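**Student:** Per this note's numbering, numbering through the sequence shown is continuous, rising by one, with the last residue being 260.
Keep in mind that the hints were calculated from the coordinates and are not lab data. No experiment lies behind these values; they were computed from the predicted model shown. Don't be surprised by glycine CBs; every beta carbon is placed ideally from N, CA and C. Treat the hints with caution; some may be incorrect.
Claimed, not checked - If you anchor each label on the Cβ, the simulated ranges turn out as follows:
(1) Thr166 / Gln201: 21 to 29 Å
(2) Gly197 / Gly173: 26 to 34 Å
(3) Asp110 / Arg202: 40 to 48 Å
(4) Ala102 / Arg253: 28 to 36 Å
(5) Ala211 / Asp64: 15 to 23 Å
(6) Arg48 / Gln201: 31 to 39 Å
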Amino acid sequence: MTPVAIVTGASSGIGAATARRLAAEGFAVLAAARRTDRLDALVAGIRATGGTATACACDVTSDESVAALAAAAGKLGGPVTLLVNNAGGARGLDPVESGSAADWQWMYDVNVLGTLRVTQALLPALESSGAGTVVVLSSTAGLIVYEGGGGYAAAKHAQTALAETLRLELCGRPVRVVEIDPGMVKTEEFGLVRFGGDEQRAASVYAGVAEPLVAEDVADCVAWCATRPQHVNVDRLVVRPLAQAAQHKVHRVGTDAGE
């Protein structure tokens, strides 16, 4: 039977690219997100190229919605072997002293509690498959902080802690836990969400960076980790564009030094 892969946040960006890539790798993909119109288009595109995919409306901040996702996965027939916790995002770039508590709450709810809910709901199926993998899409912000990123870094640090703890707690059981931490990834929506739809501010993050990562680069990392032999656990994969040597060191065209 065809193994099932669940991808949250699949309506755009890294999630959509990951759904397409996993379908090409032979998984039956259950693509989950809130925006069903985008999911339907994604699924149609995957099927048009010979892949197997199903859409499932899901809000990772809702217990009921996540329970429905788990039920939908169980109806696909194949063993549930892969969960990609991709749903997440950032809001704002304000300093701690003036940051919005509502923005911080949203980032924690989506990135951390969303990952918790979905993982808890799918773990029984992943374990019963005998060869499960949980992928947590965190960020380099989960490893080091930066000015203006307090809320996002706090949420991503918590997501990293969740992944590390889960790996310890599942030791001896047939479920791998993989954490993937991308650096600068240019997608169509991440910056727009962070800056409330301000296209100029969103674009400024990547100004002068010749080749930031794109969604397909991260999807490639997910696919590689997920298709290693089951006894191989890639605990953490940090991936950045060549231009980004570290969180605060970025080469921008037209300058002699990074920032």
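**Student:** Each hint should be assessed against the structure and marked as holding or not.
**Tutor:** Hint-by-hint comparison with the structure:
1. Thr166 / Gln201: 21 to 29 Å: violated, 40 Å
2. Gly197 / Gly173: 26 to 34 Å: violated, 46 Å
3. Asp110 / Arg202: 40 to 48 Å: violated, 23 Å
4. Ala102 / Arg253: 28 to 36 Å: Hint holds: Cβ distance 33 Å, inside 28 to 36 Å.
5. Ala211 / Asp64: 15 to 23 Å: About 44 Å separates the Cβ atoms of alanine 211 and aspartate 64, which means 15 to 23 Å is violated.
6. Arg48 / Gln201: 31 to 39 Å: Distance hint for arginine 48, glutamine 201 holds at roughly 37 Å.
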